[in-house]
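A.B. asks: Starting from the known structure of chain A, arrange chain B on it as the hints suggest.
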Amino acid sequence: MESLQTLFEAVMWVLTPPFPQVLLLSAGTLIMTHVLLKLFKVVEPRTRSLFYSLTLLAPLVVYVVYTPSIWILRPMSPQLFVSPPGVTLARPEEFAFVNYTGILCIVGLAFGAATLAVSYLFGVKIVTRCRGIMEVTEEDEPRLCRLVEKIARRIGVATPRVGLTESLQPNAFMVGHGRDAMVVFSSGLITALNSCELEAVAAHELAHIKNGDFHLMAVISSLKVASFFNPASYLSASMLAREREYLADEVGSRATRRSNALKEALVKIAQTPLTQRRAILPDLASGLFVYSQIGSLRAAFTSHPSIDTRLSRIGGEVTKSRADKYKVAVIALVLLGSLALGFNLIEPTNLMKMFFMLDPGFGMQLKGFTHLPIAPLMRSWEASPLPFPLQRPGSLIIIRIS
Amino acid sequence: MSGGEYTPSGYRIDGKDLEAILGPLEADVLNAVYSFNRSIRVREVYEKMREERKIAYTTVMSTMNTLFEKGILDRKVINGKGGLLYVYWPKMSRSEIERSAVKQIMDSLLKNFGETVTSYLVDLETSNKWKRK
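Chains A and B supply the protein sequences, listed in that same order.
When we follow the numbering used here, the leftmost residue of the first sequence carries the number 1, and every step to the right adds one.
When we follow the numbering used here, the leftmost residue of the second sequence carries the number 1001, and every step to the right adds one.
Since the hints were derived computationally from the structure, they do not count as laboratory data.
All values derive from a computational prediction rather than experimental measurement.
Ideal Cβ placement from N, Cα and C applies to all residues, glycine included.
Among the hints, erroneous ones may be present.
[What the hints assert, rightly or not] The calculated label-pair distances, taken between Cβ atoms and stated as ranges, are:
1. B:D1123 to A:C196: 57 to 67 Å
2. B:R1053 to A:F229: 53 to 63 Å
3. A:C196 to B:L1121: 49 to 59 Å
4. A:N194 to B:K1016: 30 to 40 Å
5. A:E135 to B:E1125: 37 to 47 Å
6. A:S238 to B:V1077: 20 to 30 Å
7. B:I1013 to A:G156: 51 to 61 Å
8. B:V1077 to A:E135: 16 to 26 Å
9. A:S312 to B:I1078: 33 to 43 Å
10. A:K150 to B:L1124: 51 to 61 Å
11. A:N194 to B:K1076: 25 to 35 Å
12. B:R1053 to A:L235: 48 to 58 Å
13. A:S312 to B:V1077: 25 to 35 Å
Only chain A is shown next, with the shape it has when bound in the complex (with noise of 0.2 Å):
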């Protein structure tokens, strides 16, 4: 019996708002991107992954909506209440709990906005100091510091700092913005590759910085980060950098001209026989404040697209076909238009609240409740517009609190 009352319990909080919300709308546009991106045949990655990053803002419109509270009210049993309108009725019974559900909401939000703070701060700093990577100059290695200098003149970005890591592992990755901006190579991609190779996977990172990769991906980490629990998030993120992944392959690979070096690299890159044991803190700073790691790729194709798709697409004809905006249009409106929906069928009186609640004298306010506070937590009561508007002054009104 206890267990049973404990599963209810775990229920409810799982049902309090706006946790099945936020879990609810993002699946469901996660499921809609996808869909209408295949139905319409969008494969611009830049336009793919925009897409995909409305899967990350939805838990945001969900709490504009239902803000996530560390306590909420609950009446003691299902009550009803008659009443004329406009007048203060005696506050229900109810207790206030700890809203669980709610305060993952709440943390998430906490950790996310420090995530992205951290990020702009401190992210260089971590990352070089939790993957030991030293910095190096023109003096230091020539060879690598006038490639990535000619490459970022070609692609027309400011030239990057460059950094090296002792990992064997073949692996490139862009890390910080600006001025702080550092493309990275393992000692295992130095080895493995030939200059011809080299200088395709520098393009392809320093790309990154030209599509402004930084900027948006510390923007997606830290939105993945506020809804951690949400596995829509994880997903959307995964295909989003993905997306972003391609983007990088084409730019980098149009600037240089060298898209068989590149496929030639990737092809090296994947059929390294290391395999490496996870270390947490490392991988925790990477998975922070990384955005783009070519080695990581091949972890990527094993339960997503094959090393083949992506060979395929690198100065391929799908690269060159772009989105159509009218095409895009259609997608954003059906996608948006069917998730004002999905919203309004998972709380049907709240885009009337949203819209109706504007004009004060329309349908009926009950407010005054907070003077009498039978729980630890003062609030004010607002009762639903009525759908309908009001035929005669006396009538009325029946609300239900349960």
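C.D. replies: Only chain B this time, still in chain A's reference frame:
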């Protein structure tokens, strides 16, 4: 240390110490490795050498790889800060390298110029005896 064999690829008459049998860069890297007295990463050797001269990390890395291929250093893969990386340690002590190199060089000289080498050694020994008297 294992006391393995080292066969030098050449001998530089103007070279000093290990430089005569290894080449200047390899000798410098090996001296840096010996100075640590423990297994070390490429980065540590690079940072030590950077205190004394300009050198690229990739140069140190490839030199240590060469020393490994020559059988002077040994290495293993560990999971370090940046991921999987090599740590190196000397497979042979300095005296073992010297002994092995001298043996190889002398064997080669005796094989090719046996009589000349023998007479030179005899002359050398005789002149040393005179000096001692």
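A.B. asks: Each hint needs a verdict: does it hold in this structure or not?
C.D. replies: Hint check results:
no., hint, in the structure
1, B:D1123 to A:C196: 57 to 67 Å, "59 Å, holds"
2, B:R1053 to A:F229: 53 to 63 Å, "55 Å, holds"
3, A:C196 to B:L1121: 49 to 59 Å, "55 Å, holds"
4, A:N194 to B:K1016: 30 to 40 Å, "36 Å, holds"
5, A:E135 to B:E1125: 37 to 47 Å, "58 Å, violated"
6, A:S238 to B:V1077: 20 to 30 Å, "29 Å, holds"
7, B:I1013 to A:G156: 51 to 61 Å, "54 Å, holds"
8, B:V1077 to A:E135: 16 to 26 Å, "25 Å, holds"
9, A:S312 to B:I1078: 33 to 43 Å, "38 Å, holds"
10, A:K150 to B:L1124: 51 to 61 Å, "59 Å, holds"
11, A:N194 to B:K1076: 25 to 35 Å, "27 Å, holds"
12, B:R1053 to A:L235: 48 to 58 Å, "52 Å, holds"
13, A:S312 to B:V1077: 25 to 35 Å, "34 Å, holds"
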